[in-house]
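*Asks:* These are the residues of each chain, in order.
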Amino acid sequence: MYDWLLFFHLLSAFLLMVTVVTYSAVAFGSVTGGRTLFVADRCWDVGGLGTLVLGVWLALYLDEYEIWDGWIIGAIVLWVVATGLGQSARERLAQADVVDGRAALVHWLRTLAVVGLLVLMVWKPGA
Amino acid sequence: MTLIAAIRPDEWNFPLFLHVLSAGVLFGAVVLAVVSVAGAGDSRAGIRLGYRSLLIGAIPAWIAMRLTAQWIADEEGWLEENVEAPAWIDIGFATSEGSLLFLVAATVCSGIAARRERAGGLRTATVVLVSITIVAYLVAIWVMTTKPE
Chain A
1 MYDWLLFFHL LSAFLLMVTV VTYSAVAFGS VTGGRTLFVA DRCWDVGGLG TLVLGVWLAL
61 YLDEYEIWDG WIIGAIVLWV VATGLGQSAR ERLAQADVVD GRAALVHWLR TLAVVGLLVL
121 MVWKPGA
Chain B
1 MTLIAAIRPD EWNFPLFLHV LSAGVLFGAV VLAVVSVAGA GDSRAGIRLG YRSLLIGAIP
61 AWIAMRLTAQ WIADEEGWLE ENVEAPAWID IGFATSEGSL LFLVAATVCS GIAARRERAG
121 GLRTATVVLV SITIVAYLVA IWVMTTKPE
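Sequences listed follow chains A and B, in order. Going by the working numbering, the letters in the first sequence line up with residues 1 to 127, in that order. Going by the working numbering, the letters in the second sequence line up with residues 1 to 149, in that order.
None of these hints come from the bench; they were simulated from the model. Warning: the hint list may mix true and false statements.
Here are a few chain A residues that face chain B, going by a calculated C-beta distance under 7 Å [stated by the list, open to error]:
(1) Val18
(2) Thr22
(3) Ser30
A few chain B positions that, by computed beta-carbon distances, are all more than 12 Å from chain A [as the list claims (entries may be wrong)]:
(4) Leu21
(5) Glu80
(6) Val83
(7) Asp90
Backbone N, C-alpha and C fix where the C-beta goes; we use that ideal spot for every residue, glycine too.
Here chain A stands alone, though its shape is the one from the complex (with noise of 0.2 Å):
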């Protein structure tokens, strides 16, 4: 049981990551056509889905870990952050001609966010 939970959230990580890669891609400048970033958006939302209900499920079923845990709770603020500011990304820059500095910006912080999150789940600060 464990070992799924935590296949399948590792799973939703790397799902992030692939929406993270192509915004970073279009950041950049690269074109996209339209069914790769709706791939890259349903990435999100089914890795962003994953990520939080399998970490939430994977407190509940690990005695070591609490859900009001810091680094848990830090974590679920990243996400709620990086999901917003992922919104905020994917409308400034899907509907962009050519991608302006803010949009580029959104999609950095959102980055980092992401970056932040790995960082909580690998030192698991105050566990």
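Assemble the complex: chain A is given as a structure, and chain B must be docked to it using the hints.
*Replies:* Showing chain B alone in chain A's frame:
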């Protein structure tokens, strides 16, 4: 596994962070490549994006992922003489090293395809090669999380 995660020494965290981050970038880059090339049709822009995704994203990320895997395995003592590494280490190395050949071949195919007016065969070859690497990475993710002995 849970116990190992709980007592993991702090010195392992940084290489593990770099390993997971580079593996994530690698996975993202190959999925971007296959989606953009498969959906390119007659558009050379899609094939070019797939080619760049492999050349600038996937291959450097593969190198970082593989080097950090070596770093962690060394920290954990799996590379010492007279130590028999568990199956998940061997499977991880085998899938990553095998996938490099497919990645390089896909990069070459997409690079040539991006320069041709009609590149149906090379485009298909790129999609097939990259799809094989994606399956290999799914296996690797499963092995890294379940850690079979």
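*Asks:* Verify this label for me: B/Leu21 is non-interface relative to chain A, using a Cβ-Cβ cutoff of 12 Å.
*Replies:* 6 Å, violated
*Asks:* Let's test the interface hint: is any C-beta of chain B closer than 7 Å to that of A/Val18?
*Replies:* This interface hint holds because 5 Å falls under the 7 Å limit.
*Asks:* Once the shortest beta carbon distance from A/Ser30 to chain B is found, is it less than 7 Å?
*Replies:* Constraint on A/Ser30 satisfied, holds at 5 Å.
*Asks:* Would the non-interface assignment of B/Val83 survive a Cβ cutoff of 12 Å against chain A?
*Replies:* B/Val83 clear of chain A: closest Cβ-Cβ about 24 Å, beyond 12 Å.
*Asks:* For B/Asp90, which was marked as not at the interface, is the minimum beta-carbon distance to chain A over 12 Å?
*Replies:* 18 Å, holds
*Asks:* Taking C-beta pairs only, is B/Glu80 more than 12 Å away from all of chain A?
*Replies:* 24 Å, holds
*Asks:* Going by Cβ atoms only, is A/Thr22 closer than 7 Å to chain B?
*Replies:* 5 Å, holds
In this structure, the one hint that does not hold is number 4.
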